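2 protein chains.
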Amino acid sequence: MWRPDIIKQLEAIVGKDSVLTEKEDLATYAYDGTTTWSHRPDVVVLPVTTLQISSILKLANEKRIPVTPRGSGTNISGGSIPICGGIVLCTTKMNRVLEINRANLTATVEPGVVLQDLNNLLAKENLFYPPDPQSFLSCTVGGTVAENSGGPLCIKYGVTKQYVLGMEVVLPDGYIIKIGGSTVKNRTGYDLLHLFTGSEGTLGIVTKITLRLIPKPAAKRTIFAIFDDMTAAGAVVSKILANGIVPAKIEFVDNFVIRRIEEKMQIGLPVDANTMLLIDVDGSLAAVESEAKQILDLLNEGGAKIARLAKDDAESMMYWKARSAGFAAIYSAARTVIAEDVTVPRDRLSDFIKKLDEISKKSGFEIVLIGHAGDGNIHPSVFTDSREKEDLERLDQTLTEIFEAALELGGTLSGEHGIGLEKKRLLAKALDPRAIDIMRNIKGILDPNNIMNPNKIWENS
Amino acid sequence: MWRPDIIKQLEAIVGKDSVLTEKEDLATYAYDGTTTWSHRPDVVVLPVTTLQISSILKLANEKRIPVTPRGSGTNISGGSIPICGGIVLCTTKMNRVLEINRANLTATVEPGVVLQDLNNLLAKENLFYPPDPQSFLSCTVGGTVAENSGGPLCIKYGVTKQYVLGMEVVLPDGYIIKIGGSTVKNRTGYDLLHLFTGSEGTLGIVTKITLRLIPKPAAKRTIFAIFDDMTAAGAVVSKILANGIVPAKIEFVDNFVIRRIEEKMQIGLPVDANTMLLIDVDGSLAAVESEAKQILDLLNEGGAKIARLAKDDAESMMYWKARSAGFAAIYSAARTVIAEDVTVPRDRLSDFIKKLDEISKKSGFEIVLIGHAGDGNIHPSVFTDSREKEDLERLDQTLTEIFEAALELGGTLSGEHGIGLEKKRLLAKALDPRAIDIMRNIKGILDPNNIMNPNKIWENS
Numbered sequence: 000m001w002r003p004d005i006i007k008q009l010e011a012i013v014g015k016d017s018v019l020t021e022k023e024d025l026a027t028y029a030y031d032g033t034t035t036w037s038h039r040p041d042v043v044v045l046p047v048t049t050l051q052i053s054s055i056l057k058l059a060n061e062k063r064i065p066v067t068p069r070g071s072g073t074n075i076s077g078g079s080i081p082i083c084g085g086i087v088l089c090t091t092k093m094n095r096v097l098e099i100n101r102a103n104l105t106a107t108v109e110p111g112v113v114l115q116d117l118n119n120l121l122a123k124e125n126l127f128y129p130p131d132p133q134s135f136l137s138c139t140v141g142g143t144v145a146e147n148s149g150g151p152l153c154i155k156y157g158v159t160k161q162y163v164l165g166m167e168v169v170l171p172d173g174y175i176i177k178i179g180g181s182t183v184k185n186r187t188g189y190d191l192l193h194l195f196t197g198s199e200g201t202l203g204i205v206t207k208i209t210l211r212l213i214p215k216p217a218a219k220r221t222i223f224a225i226f227d228d229m230t231a232a233g234a235v236v237s238k239i240l241a242n243g244i245v246p247a248k249i250e251f252v253d254n255f256v257i258r259r260i261e262e263k264m265q266i267g268l269p270v271d272a273n274t275m276l277l278i279d280v281d282g283s284l285a286a287v288e289s290e291a292k293q294i295l296d297l298l299n300e301g302g303a304k305i306a307r308l309a310k311d312d313a314e315s316m317m318y319w320k321a322r323s324a325g326f327a328a329i330y331s332a333a334r335t336v337i338a339e340d341v342t343v344p345r346d347r348l349s350d351f352i353k354k355l356d357e358i359s360k361k362s363g364f365e366i367v368l369i370g371h372a373g374d375g376n377i378h379p380s381v382f383t384d385s386r387e388k389e390d391l392e393r394l395d396q397t398l399t400e401i402f403e404a405a406l407e408l409g410g411t412l413s414g415e416h417g418i419g420l421e422k423k424r425l426l427a428k429a430l431d432p433r434a435i436d437i438m439r440n441i442k443g444i445l446d447p448n449n450i451m452n453p454n455k456i457w458e459n460s
Numbered sequence: 000m001w002r003p004d005i006i007k008q009l010e011a012i013v014g015k016d017s018v019l020t021e022k023e024d025l026a027t028y029a030y031d032g033t034t035t036w037s038h039r040p041d042v043v044v045l046p047v048t049t050l051q052i053s054s055i056l057k058l059a060n061e062k063r064i065p066v067t068p069r070g071s072g073t074n075i076s077g078g079s080i081p082i083c084g085g086i087v088l089c090t091t092k093m094n095r096v097l098e099i100n101r102a103n104l105t106a107t108v109e110p111g112v113v114l115q116d117l118n119n120l121l122a123k124e125n126l127f128y129p130p131d132p133q134s135f136l137s138c139t140v141g142g143t144v145a146e147n148s149g150g151p152l153c154i155k156y157g158v159t160k161q162y163v164l165g166m167e168v169v170l171p172d173g174y175i176i177k178i179g180g181s182t183v184k185n186r187t188g189y190d191l192l193h194l195f196t197g198s199e200g201t202l203g204i205v206t207k208i209t210l211r212l213i214p215k216p217a218a219k220r221t222i223f224a225i226f227d228d229m230t231a232a233g234a235v236v237s238k239i240l241a242n243g244i245v246p247a248k249i250e251f252v253d254n255f256v257i258r259r260i261e262e263k264m265q266i267g268l269p270v271d272a273n274t275m276l277l278i279d280v281d282g283s284l285a286a287v288e289s290e291a292k293q294i295l296d297l298l299n300e301g302g303a304k305i306a307r308l309a310k311d312d313a314e315s316m317m318y319w320k321a322r323s324a325g326f327a328a329i330y331s332a333a334r335t336v337i338a339e340d341v342t343v344p345r346d347r348l349s350d351f352i353k354k355l356d357e358i359s360k361k362s363g364f365e366i367v368l369i370g371h372a373g374d375g376n377i378h379p380s381v382f383t384d385s386r387e388k389e390d391l392e393r394l395d396q397t398l399t400e401i402f403e404a405a406l407e408l409g410g411t412l413s414g415e416h417g418i419g420l421e422k423k424r425l426l427a428k429a430l431d432p433r434a435i436d437i438m439r440n441i442k443g444i445l446d447p448n449n450i451m452n453p454n455k456i457w458e459n460s
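Residue numbers (numbering that gives the first Met the number 0), protein chains in the order written: chain A, 0 to 460; chain B, 0 to 460.
Calculated directly from the structure, the hints in this document are not laboratory data. What you were told as hints is all true, and nothing was included just to trick you.
As the list makes no split between identical chains, a pair holds if one copy fits it or if it spans any two.
List of simulated lysine-lysine pairs, DSS-like, C-alpha gap at most 27 Å: (1) Lys-7 with Lys-22; (2) Lys-219 with Lys-155; (3) Lys-123 with Lys-292; (4) Lys-388 with Lys-423; (5) Lys-304 with Lys-353.
It should be emphasised that the depicted structure is a prediction, and the values quoted were computed from it without experimental measurement.
Using the sequences and the accompanying hints, generate a full structural model.
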């Protein structure tokens, strides 16, 4: 057994049942949603209070033991993999919704609340929390804050950091700090809230989160369209925006995914079609009716082969299930699938798609596209087989080419998924060295002993 | 003349005409929009390029000379007052709009661009940049970024930081760094963009800014309402939001301001009315027609004495002029007006208004209210006379009571205006000492010689 003295102290803090040391248990905390990495922790603790977390971090800080925070482990950049061993601190038992305040339009939750559980509670109150990563059925709110998660609704509603108003954080030395509050405007000193949001668990552990909510839109309609030509589909998306309409979602899938969806669901998609668009509009009833009509007109004028308004919620749900099936289809299409997250400026999307096609042809790897058409974040997924060493070497090279292509077009390494382990070798290509220097110094202020999720984001960290 | 050697070097960098040292010139840079502070700089420089700014900061850093950055000086928390003397670095000559990218929905500008000049250019392109501080006619975009400015449109559209995608910054040692980019999603390391946004010129000088734009809403309507009772007005605001309608603006003025507006404009306001609400809805034509109708119904049901839909743009503009006249009226109503910026959670607004009434009665100072009803940011303005020493002492005490009341209700020292000089004595009441410690350490990383806008935000800084 790993360091029995430490185990004993952890058991004294959280209780015997909340400390896992069996090989079988440790194995399940060795990985997250990321394809190519895993590493076993030495121990897993499941605290239920802020004070317990404070005690755990005090102990870890004193003994210089790495601590990797984790929610449901749906991270897909390796952020919740305990790459240095040590403690995995799992927040899933801290899953209380502490307050839903209708009058202030806020919710305060513990980090382990599953996003969809929160969504279900809010729906009953006619409230709405927009950030919607694909993992919403199982990811924790704490994880979405650590990763600053996005999702399809971001085009209209923005990402997680636009909804975080306040938090309680346990710093790496165990100090419990409150930052932000519950007002929608707050201008007191530097923005620590946004420093912690998206810091990938490297600066502390968020133990309470106050989120800004919005009233649930009264109505929603879904529009489904098929194009023979990706460029034409892209042009319509631009036209919709240019007409002053900001849809709630504009999702985009390519021919490969259309074929896979039809194979699985038989909903009558033309399997030779090049591109499918799935668009949601929401707002007041009059607004969605009018906007849906305008979008249908623009789709038809823009050369859509099919452009259809879902007649009711059931049909709308069928289309969105098809979209989700698309993702599942991608992951089952090859032994190893690398779901990439590079993002380019909206006006460079067609250039980027052309470049991806070239890279695919040159490398021989299939690259399929599914993602958010309105914000240049189209998640190119590369198919390979992680058992083949040669494949993996070529894969690294191919991914580097994809990143470089995105950066050349003014894009970014990651739109939503974060750096974690997956992209740290590339960070220096994307950022000014001084920016990395500033970030590392900030890390040094908050975590001088480098115990919080070490060896993430930067090389040699 | 102050340090002729430095003056000579500054002249070599920016040219003789762009260095001001005459007493008369220095006097005009001794103050900003803040009521109770002023301090003369030793020299004013007006650079036109990033490289010039880099050279100026290198020199200042080497010689340990304070540098206070400034745009139009509309700041109302003292942020652009050169309280330690030294150099005022004024960015107003760097006023080029470098790019408006319709396809990517972004604009890249220099810091000295006046916000309304940008707005006018964008309107021609059917684009929209929402942040709208009251100073929009003269404030610079750089200033709004330094202060993370808000305004009436924030209830629907959010504050400045939600629109800043990328920036070029000259760090205090002269290093020129690019952070962020031109994508709407970006997850590469810690969020330095939001660290600089709202840092009040204490971390560096922003020399280029890439802003996210949105398509201009196709239609807009203005609704005007009068209530006999502030609580009833507040209840209707909550009801509007609960019905899933998020208006573009919900502004609120009290009886004092109604009287002053009517005195100046004679538009038929009932001068005995307690509260006026001014509401804008925007979006597609169908949406605004439907939402305006719903809001009118809610206003009437909720006891509005008058609830009127502006029939056209001219009438809408008249109402918004009345709102602006209200602000002018406040400033001309007393020798000294302290426009406060404390903000409370939305659900505590009526408690806060009651408390302000008590404080006003106790202190004898008139306190009037005008501001943003939807987000708890109602700008209580305190009337006094800065020539009366006794008044000023009581004023300090009264302001402290207002801050403490807001903090007790879960509010914040500042919703929009920042800390600057005005509120630094109170920061320790609002933040955890460790939070201040972290902020000061971050300042230390970026500005170890403390030359950038020193003596702001924190005491003894």
